[in-house]
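Protein chains in written order, with our numbering: chain D, 1 to 241; chain R, 1001 to 1079.
Please note that a few of the clues may not be correct.
BS3-like mimics (lysine-lysine), calculated; alpha carbons at most 25 Å apart, straight line [what the hints assert, rightly or not]:
1. K1030/R with K119/D
2. K1030/R with K1076/R
3. K1030/R with K123/D
4. K1026/R with K123/D
5. K1011/R with K123/D
Sample of chain D residues lacking proximity to chain R, with all beta carbon distances greater than 12 Å (derived) [claimed, not checked]:
6. E47
7. V91
8. V155
9. L205
10. F217
For the chain D half of the interface with chain R, some residues (derived, Cβ under 10 Å), not all of them [to be verified]:
11. K119
12. M122
13. K123
14. E164
15. F165
16. S167
17. R168
Hints were generated in silico from the structure; no laboratory data involved. Keep in mind the model is a prediction, meaning the values are calculated, not measured. Note that the Cβ used here is the ideal one computed from N, Cα and C, for glycine as well.
One letter stands for each residue in the lines below.
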Amino acid sequence: MGRVSTPRTVLVTGGNRGIGLATAKQFATQGHRVAITYRSEAPADCEGLLAVRCDVTDAQQIDDAFAQIDKELGPVEVVVSNAGITRDGLVLRMKDDDFTDVLDANLTAGFRVARRAVKGMMKGRWGRIIFVSSIVGAAGQAGQANYAASKAGLVGLARSLAKEFASRNITVNIVAPGPIATDMLDALPEERRQAMAQAVPLGRLGSPDEVAGVICFLASDAAAFVTGVVIPVDGGMAMGI
Amino acid sequence: MSDQDLFERFKRRAVEVLSVEDAQVKLEAKFADDLDADSLDLVEFVMALEEEFDINVEEQELEGVDTIGAAFELVKSKI
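Starting from the given sequences, assemble the full structure and let the hints guide the process.
Structure representation (structure tokens):
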């Protein structure tokens, strides 16, 4: 994709790998100024990106990250809330902490980041917030009650934000990836990955770039009239739900 | 600090956050009718005042605060 007419300041949380990193790179290729946050490990390959260490479960660290980005790149205009963790297990064996930690990192963190981001967006009367959810939020998944709950929660959060800030020209949307070839999936046994690919009508796993493309579209001028939607990027896996 | 100085600071933030003219920021001005401010504007304004005067305003204290004068009284009571 070529350069865009209006370069924006973009923040991608959890941008050090997988879908987040692919998204950050695609924004950068389009000529935007891009910052990424990472919790523990700075990406080796992040040329042209501003990498900021930030644990999104800590409001103070989010504040500090925004201050740094503001200073180095300008006020954040596009936020991709992508940081997330899994702690899979069957419900009967799932501890309270396994549930609440995943909710905190995947859902509450999205709320914290959005709350911080809208302050600047309101002043600029322009903003784009995109949450990276998952089709398991709608479909459910044995062994992922915590993760699925957190990803479903993002939909209610996003749609409420969409209504609350619509008058300030801020759109809020959700991308719901299906099985994508990332580290998160590499952690699964090969058989499980193959079974997943077979459950996809398009017959394969998606690539992080294919999710990034939809995220970049939602941030673009072309998507100005789109808000509060969930776009599955799943090869047809969750069609109709 | 005199009331007048306080009001000048208060007014400066009102002009900036609510995008209104100096002359519109009168004690009797109503946020909704005279200043065209919606609920989001008010939240932004309160946050700006909290920052300006280093005060903390609770949600329930804002009940019935619908004019510049009422907001200014609330701020004064906190300083």
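Right, here's what the structure says about each hint:
Of the supplied pair hints, the one linking K1030/R and K119/D holds, its CA atoms being roughly 24 Å apart against a limit of 25 Å. At most 25 Å may separate the alpha-carbon atoms for a hinted pair to count; K1030/R and K1076/R meet this at roughly 18 Å. Only pairs whose Cα atoms come within 25 Å are accepted, and K1030/R paired with K123/D is accepted, the gap being roughly 22 Å. Straight-line distance between C-alpha atoms of K1026/R and K123/D comes to about 23 Å, which keeps the hinted pair within the 25 Å bound.
Between the alpha carbons of K1011/R and K123/D the distance comes to roughly 18 Å, so the proposed pair stays at or under 25 Å and holds. Look at E47/D: its CB is around 37 Å from the nearest CB on chain R, clear of 12 Å, so calling it non-interface holds up. Chain R leaves V91/D outside its interface by the beta-carbon criterion, the shortest separation being 37 Å against a cut-off of 12 Å. Interface exclusion of V155/D from chain R stands, the closest Cβ pair being 22 Å apart, more than 12 Å.
The beta carbon of L205/D is kept farther than 12 Å from every beta carbon of chain R, the shortest such distance being approximately 42 Å. Distance check for F217/D against chain R: the nearest CB is about 27 Å away, which clears 12 Å, and the non-interface claim stands. Because the smallest distance between the Cβ of K119/D and any Cβ of chain R comes to about 8 Å, under 10 Å, the interface hint for this residue holds. Interface restraint check for M122/D: the shortest CB-CB distance to chain R comes to about 6 Å, inside 10 Å, so the restraint holds.
Proximity of K123/D to chain R holds as hinted, the smallest CB-CB distance being about 8 Å (cut-off 10 Å). The beta carbon of E164/D is positioned within 10 Å of a beta carbon in chain R (closest approach about 8 Å), and the interface hint is therefore held. Annotation: interface hint on F165/D holds; nearest CB of chain R at approximately 8 Å, less than 10 Å. About 7 Å separates the beta-carbon of S167/D from the nearest beta-carbon of chain R, less than 10 Å, and the hint is met.
With its C-beta approaching chain R no nearer than about 7 Å, R168/D sits inside the 10 Å limit, and its interface hint holds.
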